[in-house]
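S.K.: Sequence:
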Amino acid sequence: MKNSLSYLKKYTKECIFGSFFKLLEAIFELMIPFIMGDIIDIGIPSYDMHYVLVKGAIMIGLGLLGFGCSLTCQYFASRVANAYGRDLRKAMFHHIHKLSNAEVNQIGIENLVTIMTTDIDQMQNTVNRFIRLVVRAPFIIIGSIICAFIIHVKLGLVFLVTTVVLAIIIFFIMRPASKRYQKVQAKLDHLSLLNSENISGTRVVRAFLKEEQAYDHYQKETDEYRKESMGIIRFTSLLNPLTYAVIQLGIVALLYLSGLEVQVGNLTQGNVISVINYMNQILLALLVVSNLVILFTKAASSKVRLDRIFALTSSIISENEKVEAKENTPFYQFIDVNFRYPGSENDALEHITFSFQHGESIGMIGGTGSGKSTILYLMERFYDVRSGQLLVDGKPIQSLSLEDLRKEIAVVDQKVALFKGTIRSNLLMSKSDATDEEMLEALRLAEAYFVFDYKDGLDHEVVEGGKNFSGGQKQRITIARALLRKPKLLILDDATSALDYLTDKKVRENIHHHLKDTTLFFISQRATSISKMDQIIVMDNGEMVGNGTHEALLKSCEVYQEIYESQTKKEVR
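The sequence shown begins at 28 in this note's numbering and counts up one residue at a time.
Because the hints were derived from the structure by calculation, they are not lab data. Note that this is a predicted model, so its numbers are computed, not measured. One should not assume that every hint holds.
[Said to hold, decoys possible] With beta-carbon atoms standing in for the labels, derived distance ranges: (1) F323 with G484: 26 to 36 angstroms; (2) Y242 with T144: 20 to 30 angstroms; (3) G135 with N495: 51 to 61 angstroms; (4) E387 with G484: 27 to 37 angstroms; (5) N222 with D544: 44 to 54 angstroms; (6) N222 with G95: 24 to 34 angstroms; (7) L32 with E387: 34 to 44 angstroms; (8) H122 with Q594: 39 to 49 angstroms; (9) T449 with P165: 53 to 63 angstroms; (10) E387 with E465: 18 to 28 angstroms; (11) H77 with L276: 18 to 28 angstroms.
[Unchecked claim] Only pairs whose alpha carbons sit at most 16 angstroms apart, straight line, appear in this in silico EDC-like list of lysine to aspartate or glutamate: (12) K543 with E570; (13) K513 with E435; (14) K82 with D65; (15) K447 with D420; (16) K214 with D250; (17) K515 with D420; (18) K125 with E372; (19) K513 with D544; (20) K513 with D480; (21) K37 with D114; (22) K330 with D114; (23) K125 with E407; (24) K447 with E488; (25) K533 with E435; (26) K117 with D148; (27) K515 with E430; (28) K214 with E137.
Virtual Cβ for every residue (Gly too), placed ideally from N, Cα, C.
Let's have the full structure, built from the sequences with the hints guiding it.
M.R.: Here it is as structure tokens:
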């Protein structure tokens with residue numbers, strides 16, 4: 028199992044180079060107060076302008092060298108951080124797509140989006156700051172103390188005491204604050220989830236006139252987030268006044284001791300200016316350290332969430348056994364199958380037993396929540412059965428390669444999925460090497476003739492989610508995408524619900540006449556749409572209550588009779 032920091036290992040060399048140049052910048056910065064002291068002690072009293080100009084030029088040179096080192100460090104830091112963020116996103120995206128539906132549902136789609144964006148951005152930003160600041164700040168603090176001891180031992184002791192007091196203040200303020208930051212991060216995650224739900228569900232909110240209720244709920248959550256954030260701000264707001272107060276007291280102590288030492292000739296005025304500069308450098312470095320503590324606290328919270336995802340393994344394990352159909356062996360065979368969704372206490376499917384051959388057409392009908400889509404999930408192996416057997420060409424579905432299994436299946440779900448791009452790019456998802464002629468033929472079979480009316484045809488734009496098409500148009504494009512592959516098994520999960528009866532009938536007839544070798548598994552709420560199928564499966568509350576032809580079910584299945592009669596009476600009316 029990889030953790031989120033393991034993707035940083037291959038950039039170790041760049042991290043070292045970046046930190047090295049930041050270290051050089053810190054060294055140049057520590058040299059400047061010494062030179063400034065020499066100018067005050069030697070150049071100015073002797074009115075030696077040449078000395079002052081030379082030392083000034085050295086200071087400018089050190090400043091330019093430090094600036095160059097800083098730019099070089101920033102280059103390496105940005106390069107590493109962006110490359111690390113890219114690799115982490117790719118790895119997370121790849122890992123998520125390896126997980127089964129059970130794991131994805133356990134995490135939650137909205138949480139995954141937050142992890143893929145906010146948390147990875149936080150880690151990327153932390154890496155950038157780490158390379159630029161984590162070496163420099165401690166080195167400046169330690170270096171300033173050493174320089175102070177070099178100038179005068181008593182002044183060095185003042186530096187040491189001041190630094191320890193500052194460190195204690197930062198520790199006692201930032202330690203509880205870092206814990207509270209985790210709570211604030213959790214509140215922010217919840218707020219992001221609420222944002223996404225309200226934006227994606229805005230149509231439902233407006234339809235039920237719940238704008239005020241949604242606003243009040245959102246206002247409550249934002250107020251709670253604000254209270255948590257303000258609590259930390261009030262607490263950490265003590266940091267700057269206290270640290271500045273300690274620094275000023277330290278400077279007062281330095282000036283007092285320095286004055287005494289200057290009077291007896293043990294210290295020069297230039298030395299005094301140097302130590303005050305070093306004291307200010309320590310203050311700035313400690314403030315950077317306090318900000319790094321906050322940054323690392325947030326990053327630690329993000330790392331925990333990222334590593335928790337990486338630690339998940341799919342409950343669906345892919346084998347590599349090839350499927351070779353045997354004569355007279357059912358294509359799919361359910362044998363006393365029971366299934367329960369993860370976290371549920373009740374079975375979604377109970378004692379399901381049926382089979383079908385290659386080339387057959389199978390219809391399925393039943394009320395909402397009766398288990399129809401669940402059967403399809405098992406056929407595609409998004410989940411594994413809890414008990415019983417599911418065989419494909421006579422072999423347990425668990426023994427087959429997921430790639431081999433799914434590349435022979437084309438699915439049109441009841442929830443239409445179109446992606447931002449063009450009609451062409453959406454169709455090519457099914458068959459990447461499809462020609463224009465093949466795509467146009469698939470559109471004809473799906474009765475998607477409206478595409479031919481567009482001036483740009485296949486290159487007509489598809490906005491996010493296909494929102495520039497009607498429900499029926501979206502369904503026909505997705506059906507065309509499925510037909511383009513010419514799969515062994517075509518699954519239509521209530522995929523014609525937005526089509527009128529005549530278009531629905533034409534699509535089914537086109538599939539029957541042009542894809543004769545394809546096995547069709549058709550879920551519909553219309554009994555008339557599946558009445559010509561080779562066999563019809565009737566579901567009710569997770570159980571199979573009927574299986575047979577249309578005529579046989581009208582005689583033997585009470586549930587099917589009720590469905591058919593209720594629909595035909597409506598049609599007559």
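S.K.: List, from low to high, the hint numbers that the structure doesn't satisfy.
M.R.: Of the numbered hints given earlier, those the structure breaks are 1, 3, 6, 7, 11, 12, 15, 18, 20 and 25, listed in rising order.
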